[in-house]
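Visitor: Heads up: the sequence lines are chains U and A, in that order. First residue of the first sequence? That's 14 in my numbering, and the numbers climb one at a time after it. First residue of the second sequence? That's 69 in my numbering, and the numbers climb one at a time after it.
Treat the hints with care, as some may be off.
Not everything, but these chain U residues come out facing chain A in the computed CB check (under 7 Å) [unchecked claim]:
(1) Ala119
(2) Pro199
(3) Lys238
(4) Met239
(5) Thr271
(6) Lys332
(7) Ala366
(8) Ala370
(9) Gly373
(10) Ile381
(11) Val385
(12) Phe388
(13) Asn436
(14) Met501
Because the hints were derived from the structure by calculation, they are not lab data. Ideal Cβ positions, reconstructed from N, Cα and C, are used throughout, including at glycine.
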Amino acid sequence: MTHLLFGNLTLADLPHKWFTVGATGSIIAGGIAIAALLTYLKRWKWLWSEWLTSTDPKKIGIMYIVMAALMFFRGGLDALMIWLQQALGSGALPGFLGAAHGYLDASHFQQIFTAHGDIMVFFGTMGFLFGLMNLVVPLQIGARDLAFPFLNSLGFWLFAAGAVLINMFFVIGGDFAASGWLSLPPLSGPEYSPGAGMDYWGWSLQISGLGSLLSGINFLVTILKMRAPGMTLMKMPLFTWTSLCSSVLVVSVFPVLTVAIALLWLDRFFGMRFFTSGFGGNPMMYVNLIWIWGHPEVYILVLPSFGVFSEVVATFSHKRLFGYVSQVFAALGVSSIACLVWVHHFFTMGAGADVNAVFGISTMLIAIPSAVQVFNWIATMHRGRIVFATPMYWFLGFVSLFMFGGMAGVLLATPAADYQLHNTLFLIAHFHTMVVGVGLFGIFAGITYWFPKVFGFTLSEKWGKRAFWLWLTGFFTAFTPLYILGSMGAARRVDSYAAATGFQPLYATALAGGLLIAAAFLTQIVQVVVSILERKQNLAGGDPWDARTLEWATPSPVPFYSFASTPEVRSRDAWWEMKKDGTANAPKKYEDIELCKNTGMAIYLSGCVFLLGFALVWHILWLGVLGLAGAIVCVIVRSFDEHTEYVVTAAEVEKLEKERLGRSPS
Amino acid sequence: MRPMADNGIMKVWYRILLGAVIITGGVILFKELVGHSTVSLFEPAGPTAGSQSRLIKTMAGLMLLVVIPTFIALFTTAWKYRAGSPEAKYDPEHTGGFGKEMILWAIPAALIAVLALMNWKSAQELDPYLPTRSLSGARPLTVEVVALPWKWLFIYPKQGFATVNYLQFPERTPIHFKLSADGPMSSFWIPQLGSQIYAMAAMMTQLNLEASAAGEYAGKATEINGEGYARMTFTAKAVTADDFTAWVARVKAGSNKLDMAAYNALAAPSEGVPPAFYASVERGLFDTILMKFMVPASTGMANSSPMQRDMEMPAGMDMRSMPGMRK
Numbered sequence: 014m015t016h017l018l019f020g021n022l023t024l025a026d027l028p029h030k031w032f033t034v035g036a037t038g039s040i041i042a043g044g045i046a047i048a049a050l051l052t053y054l055k056r057w058k059w060l061w062s063e064w065l066t067s068t069d070p071k072k073i074g075i076m077y078i079v080m081a082a083l084m085f086f087r088g089g090l091d092a093l094m095i096w097l098q099q100a101l102g103s104g105a106l107p108g109f110l111g112a113a114h115g116y117l118d119a120s121h122f123q124q125i126f127t128a129h130g131d132i133m134v135f136f137g138t139m140g141f142l143f144g145l146m147n148l149v150v151p152l153q154i155g156a157r158d159l160a161f162p163f164l165n166s167l168g169f170w171l172f173a174a175g176a177v178l179i180n181m182f183f184v185i186g187g188d189f190a191a192s193g194w195l196s197l198p199p200l201s202g203p204e205y206s207p208g209a210g211m212d213y214w215g216w217s218l219q220i221s222g223l224g225s226l227l228s229g230i231n232f233l234v235t236i237l238k239m240r241a242p243g244m245t246l247m248k249m250p251l252f253t254w255t256s257l258c259s260s261v262l263v264v265s266v267f268p269v270l271t272v273a274i275a276l277l278w279l280d281r282f283f284g285m286r287f288f289t290s291g292f293g294g295n296p297m298m299y300v301n302l303i304w305i306w307g308h309p310e311v312y313i314l315v316l317p318s319f320g321v322f323s324e325v326v327a328t329f330s331h332k333r334l335f336g337y338v339s340q341v342f343a344a345l346g347v348s349s350i351a352c353l354v355w356v357h358h359f360f361t362m363g364a365g366a367d368v369n370a371v372f373g374i375s376t377m378l379i380a381i382p383s384a385v386q387v388f389n390w391i392a393t394m395h396r397g398r399i400v401f402a403t404p405m406y407w408f409l410g411f412v413s414l415f416m417f418g419g420m421a422g423v424l425l426a427t428p429a430a431d432y433q434l435h436n437t438l439f440l441i442a443h444f445h446t447m448v449v450g451v452g453l454f455g456i457f458a459g460i461t462y463w464f465p466k467v468f469g470f471t472l473s474e475k476w477g478k479r480a481f482w483l484w485l486t487g488f489f490t491a492f493t494p495l496y497i498l499g500s501m502g503a504a505r506r507v508d509s510y511a512a513a514t515g516f517q518p519l520y521a522t523a524l525a526g527g528l529l530i531a532a533a534f535l536t537q538i539v540q541v542v543v544s545i546l547e548r549k550q551n552l553a554g555g556d557p558w559d560a561r562t563l564e565w566a567t568p569s570p571v572p573f574y575s576f577a578s579t580p581e582v583r584s585r586d587a588w589w590e591m592k593k594d595g596t597a598n599a600p601k602k603y604e605d606i607e608l609c610k611n612t613g614m615a616i617y618l619s620g621c622v623f624l625l626g627f628a629l630v631w632h633i634l635w636l637g638v639l640g641l642a643g644a645i646v647c648v649i650v651r652s653f654d655e656h657t658e659y660v661v662t663a664a665e666v667e668k669l670e671k672e673r674l675g676r677s678p679s
Numbered sequence: 069m070r071p072m073a074d075n076g077i078m079k080v081w082y083r084i085l086l087g088a089v090i091i092t093g094g095v096i097l098f099k100e101l102v103g104h105s106t107v108s109l110f111e112p113a114g115p116t117a118g119s120q121s122r123l124i125k126t127m128a129g130l131m132l133l134v135v136i137p138t139f140i141a142l143f144t145t146a147w148k149y150r151a152g153s154p155e156a157k158y159d160p161e162h163t164g165g166f167g168k169e170m171i172l173w174a175i176p177a178a179l180i181a182v183l184a185l186m187n188w189k190s191a192q193e194l195d196p197y198l199p200t201r202s203l204s205g206a207r208p209l210t211v212e213v214v215a216l217p218w219k220w221l222f223i224y225p226k227q228g229f230a231t232v233n234y235l236q237f238p239e240r241t242p243i244h245f246k247l248s249a250d251g252p253m254s255s256f257w258i259p260q261l262g263s264q265i266y267a268m269a270a271m272m273t274q275l276n277l278e279a280s281a282a283g284e285y286a287g288k289a290t291e292i293n294g295e296g297y298a299r300m301t302f303t304a305k306a307v308t309a310d311d312f313t314a315w316v317a318r319v320k321a322g323s324n325k326l327d328m329a330a331y332n333a334l335a336a337p338s339e340g341v342p343p344a345f346y347a348s349v350e351r352g353l354f355d356t357i358l359m360k361f362m363v364p365a366s367t368g369m370a371n372s373s374p375m376q377r378d379m380e381m382p383a384g385m386d387m388r389s390m391p392g393m394r395k
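Extracted from the complex, chain U is given alone in its bound form (with noise of 0.2 Å):
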């Protein structure tokens, strides 16, 4: 009757470990803190109908930013755990709290690598993207909307209802897969994890990827189907090409992953023995299918932050992209050969020598396009008029780490280099120089970049410098050591090691770069602050930066409608064509405009989507078959909705715009 009930969760399951009631505390008393203000300052309707349940990009973009934001500080708490204990991992010294080398026992050690990979990849990173891409990609093509406004939110708040479910294991449960990110099979079979953290692992993985394989959709649509008149697709911003690139990948490779760790879910509940060892099954099958998802997503990563990097270059030097037809190549390359380099994960599985080299040489091409692009982005600085803003910094940085990556990324390609490399903690210094120093300096290029487009005024530059500084020696005081204790021979995930390898002094260097990066964050949280503050000073007009594409031609903050009238677009850079042939101010012609309604149902469904899998995890029937029924009716309920959208009347434009018009100078 209690497993009726209850499925596997018992009263032990309930926080009791001090990272456990830590945790919950922290997150109860957020909720109450946030509801006590909202309560205060009245603000709840205002959230609902305001946020909650907009279909407008604008507003879901800002969302999955926050989200991200908020996901990014729970991965980077993760991150100076995993350093503190690998800084005093060294067997010379005694353990405490009860752990036998450091401060963390070594499966809950475990757990918190594995956490922080998958929240950082797949609720940190991606969530800004999607975040950035929902504020611009609309915007630089002269769209409205996206192509699906609802699947927008739907996407939106599945991403949220992963980003929960990952989390929950904290309040119930209180273990996480102690697997790695990607947990592989057999470790991850019924076997050797029977618990419940690793369906937490892989339900959140499942939600929140059905959520990006809906956005992916959207905007592949969104580019091919809604871009404004004259657009041809060889005038787009590099921006929405490098997001087309990666919602292709996206809606390529997503299913692969769905797949794959259903498959494992199916192996684990019910006996199957797709991964198994032997029996029939076969790990490496596993193996294949997760990085056939796993390479490409890191493109899915980068992609974007090329584009980024393509728009700030040229803004801030005030010049045309040198070779556009290039850097567009580039980036179609990146994303076709980023699908046939998989195997270069695991040259080390005993794979033959002509395998390996042709995907190692396969991976390899890959730097060809990424060279041409750092090459376009110096020849467009070449005879320009050159600002150095925060973004620009960004770039530069991002630049030098991207060479030294690269250089890294080419050895690993070499299977002979990588049978010595892999698996150490150079292959982990490699991985974070471009996740960090590409795929996060980009969005924050991007971030910077766009804020003011956004919300009326620009970020501080003198906080954001000191960010830039700070994360820039961070990264290499961080990960500088790592490079070099991979050739030491240090392996990844150690939470131990023989005080005899004499690791520790760099552990604790990793440590300090560590606590840079934290103190980089926190100013970058400074820097946000103190910009709401002085935002007085710092009102951007429509076009701050004097910068070149569409998304520039609409005023700051954007209104809810975007355009006023439809764009038409004659050339490449064609806000910076507007203003120079003297259109860019040209009286509009108004007309009705089209909007989607906000809806509460995607909030609904996605809850629903959240009981199921909370369900899967502790394997609740009863909440199982109520959450899929709902998702469901749901479903059901949405799709004979015929009224989901409303006009905005061409008179009322007008009206809208003389008033803002009169409002702002600008």
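Following the hints, complete the assembly by docking chain A onto the known chain U.
Guide: Just chain A now, with coordinates in the frame of chain U:
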């Protein structure tokens, strides 16, 4: 946006210089800090690791030929064309053109062509399945390796004994490892000798290594395989041929036996296992461990099912016999 004044740019350069000083200082500090320990990648003790070390250095050097000029171009261009620079020419419409862009593609393509050749050649030469060339002319020694949670079992099939977490072998002699696992997958690595390879249940992989001089080398697991992962280390000791013969005789003179019962006890999860020595080992133990996963209901290996005895099954699945994995 107001263009940044010149002293702002000076500040940038000052900071870049400062950064360079910090990095150089850091590198020197690291050298002091890690001076007494081994940078195994660049202190190879065997021909395989030696070739890999040279390969990594050569490739890194070749890449620096492009990377260093790119760095210089990046920062000089950024400096020269800063807003407010007196001598810089401003041409907002300047773009590539087919010829110039092709040159930009040709530079990395040429470099990658060279690196790809090295990639191919080294993949063939350093294929872990290929025997190393014996430095002393001695015949290869075969060692069967089983990754257990969380210790390494080494079986010397010809000599008929076994060790745990301790591997000894003659110097300047090719060692042929056959690897499998009885538990989650692990990766077997002796950094100073070269190449790591995965050890996976129900599958057999191979690795060939050789030590060019006597010495003790650290060995470890590098793939996450559970709680004892970090402590799944072993010592690999290369000795002279005579010392090896004497050591074998000493081990075989012991009384410890690795029969099925002892093996099943050993295979249970445990960590921090000290080196252990078995004077004799159950015949065909390595193949039995491979077979364990091939037939259902045979998990208690001691009483294998009739089905297992009757069926003629290949001894485990050699990785290279899988489709797509053939050389």
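Visitor: Of all the hints numbered above, which does this structure not satisfy? Sort the numbers upward.
Guide: 3, 4 and 5
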